[in-house]
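Chains as they are written, first to last, in this note's numbering: chain Z, 1 to 263; chain S, 264 to 618.
Be careful, since some hints might not be right.
Pairs of lysine-lysine, DSS-like flavour, derived with a Cα cap of 27 Å [stated by the list, open to error]: (1) Z/K117 - Z/K58; (2) Z/K135 - S/K422; (3) Z/K117 - S/K265; (4) Z/K72 - S/K422.
Some chain S residues close to chain Z (C-beta under 7 Å, calculated; not the full set) [as the list claims (entries may be wrong)]: (5) G273; (6) N274; (7) I275; (8) S276; (9) A277; (10) I278; (11) L489; (12) V492; (13) N501; (14) D503; (15) G509.
Read the hints as simulated data drawn from the structure, not as lab findings.
All residues carry an ideal CB built from backbone N, CA and C; glycine is no exception.
Take a look at the letters that make up each chain.
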Amino acid sequence: MSLSSSNLTLGYGDHIVLEDINVMIPKNKITILVGSNGCGKSTLLKTMARLLKPVSGKVFLGDVSIFEKSSKEIAKELAILTQTPMAPSDLTVFNLIKQGRYPYQSWFSQWSKEDEKIVNYALEKTGLTQIQHKKISDLSGGQKQRVWIAMTLAQQTDTILLDEPTNHLDIKYKIEVLDLLKNLNQHEQRTIVIVLHDINLACRYADHMIAIKDGTVYGEGEPKKIVTEKLIEDVFGINSKIIECPLFKTPMCITYQNLDMIS
Amino acid sequence: MKNFLIIRKGNISAIYEKRSILILFITAIICILSILFSLSMGQKHIPIFKIIQVLLGGAGSGDSLIIHSIRLPRTLVALFVGTSLGLAGAVLQGVVKNPLAAPNIIGITDSGSVGALIFLTIFTNPKNNALTTSIFYMPIFAFIGAFSAVLLVYFLAFKKGVTPYRLIMIGIAVAGAAKALTSILILNGPVVFIKEAQLWITGTVYGTNWTHVKLLSSWFMVLFVLTIVFTRELNIQNLDDGISIGLGSSVEKNRFILMVLSAALASGAVAVGGGVSFVGLIAPHICRKLTNSSFENILPLSALVGGIIVVLSDVAARTLFFPLDLPVGIFTAGVGAPFFIYLLIKNQQTLRGRI
């Protein structure tokens, strides 16, 4: 089921953050939301996952508005990983990932064969099988993030939304996490929506990019087609030169404030 | 899966850590031993085998009378005050996502005091300072006081939903206001009830009888079963709200239900045992150390550990300074507070608590 928004206006109290947003998340693709700090990209992502209520407008999953559907049913079709989530540090990897099965369980059915199968799959897919009995507090930043991703996998959804999943991670783990998401998209045809700060990584991993600026969608489409020096200047407020990435053939921006500073 | 016990029958399925089951079993045995110990200690020492004989319906004797009419009801009240407070604390810590929360921090105990003092004020005859009605109705007032405090905290904290942070802040404020009310009531009341009030505020199981046992134990049992049904929801509550909603949980509704469960448990204990402090805080903490923060482990264990703490504290309270029979609250606080400081120092990591 595909995710889309119609005439979505978002804000907190009287303060409107985004106005009249109409986006369509393409199925089985990786969509990346970019924009400067505070532009509302996270707010949009959270609203699409029903964590926030819009001021007006609707979010559709398939052809039903998500606020009219049972939250548990949505949780079987759409998973969201919020930014740097917290959990008690003495839980084990297994304990936490197991909770991803929540929408499928009830108070008397807490560990069906299906639950076991899917959790084992999630552990394996994220490379955590060997360390599933470790406490979360003993893991590295990259491993922790993989645990959270595994929990969304346990939810067994077609669509996964992630709010800055690479924040606070070393570059090595950033790539590790994004590669994992790419793998999930390519091998399992999952629809993935990511809010990402790093424009170059966004260009590399996105099939579809949505750039947000001044409370509205500035541009959307394949990075190769939409990422220009003008877009970088308008959206991020910085000068740049766009070249083709020698490895991935995607746009790569070299940003600068003032060329005179260097020469 | 070798670390886990998995039960599957038709649609019913469950999973438990084997190690936690073992710990629960051992704790249950310690709990039974504590009860026997409590029955044996007192002005007259009764040997354990004699106690078992009496409990199994052995021949009536002087010992049988002491056990049945004095020590057993008092011990069982201590037990259920402890189990209620331990469980209430565990639930509350899950709801507010903070291992430092406890029933007395959000005003349950202090408001129970207000209820008890209102009873003493209304029903004390100013001419002869005697109660005009049975003291037996005091728990009802204490219960209403404690329970309405929680509802008050919840509704004051409500602003498009309730955040744990607001719950704690408003709870502390309500506790403060209740303390002030308590002081006013004590200062303006007849002198005789200063002692009665102070005893109650400290927490005591002195002079409790079988009616108390029946009321408190059935109250606890019903709430215990309900709480166990909500174990899964508590595990989810312990995560960030964003994650919980994403998993499809009705976060607000469950938070309210769990708050009410915790309040009902604590109010029952407060109504019968008064302001026994620290049990709701340290019992879940000990259980986290013994197992981990998964509520299927913590809930039953916290109840047992809470029970053990209060039963043993009461043994100390009535024997250490014999013939003085001190309120049990002195010992739960006297042992609990230093133990809590020790936990905080030793266990910096759990204090930070979350990743």
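Z/K72 paired with S/K422 [C-alpha distance capped at 27 Å]: Distance ~24 Å between Z/K72 and S/K422 Cα, so the pair holds.
Against chain Z, run the beta carbon of S/S276 and see if the smallest gap drops under 7 Å. The hint holds - S/S276 has a Cβ within 7 Å of chain Z, the shortest such distance being about 5 Å.
Grab the minimum C-beta distance from S/V492 to chain Z and call the hint holds if it beats 7 Å, violated otherwise. 5 Å, holds
Supplied contact hint for S/N501, tested at 7 Å Cβ to chain Z: 6 Å, holds
Does S/I275 pass the interface check with chain Z, least Cβ-Cβ distance below 7 Å? Since chain Z brings a Cβ to about 5 Å from S/I275, closer than 7 Å, the hint holds.
Per-residue hint verdict: S/D503, partner chain Z, C-beta under 7 Å: This hint holds: S/D503 lies near chain Z, its Cβ roughly 5 Å from the closest one there, short of 7 Å.
Hint validity - S/A277 Cβ closer than 7 Å to any chain Z Cβ: 5 Å, holds
Checking hints one by one. Is S/L489 an interface residue toward chain Z, by the C-beta closer than 7 Å rule? At 11 Å from the nearest chain Z Cβ, S/L489 fails the 7 Å test, so the hint is violated.
Restraint outcome when S/G273 is required to lie within 7 Å of chain Z by C-beta distance: With a minimum Cβ separation of about 9 Å from chain Z (threshold 7 Å), the hint on S/G273 is violated.
Just to be careful: measuring from the Cβ of S/I278 to every Cβ in chain Z, is the smallest value less than 7 Å? 4 Å, holds
Taking the closest Cβ pair, is S/N274 under 7 Å from chain Z? Hint holds; S/N274 Cβ to chain Z Cβ min 5 Å, cut 7 Å.
Straight-line Cα separation of Z/K117 and Z/K58 no greater than 27 Å? Judged against 27 Å, a Cα distance of about 35 Å means the pair is violated.
Hints 1, 2, 5 and 11 from the earlier list are contradicted by this structure; the remaining hints agree with it.
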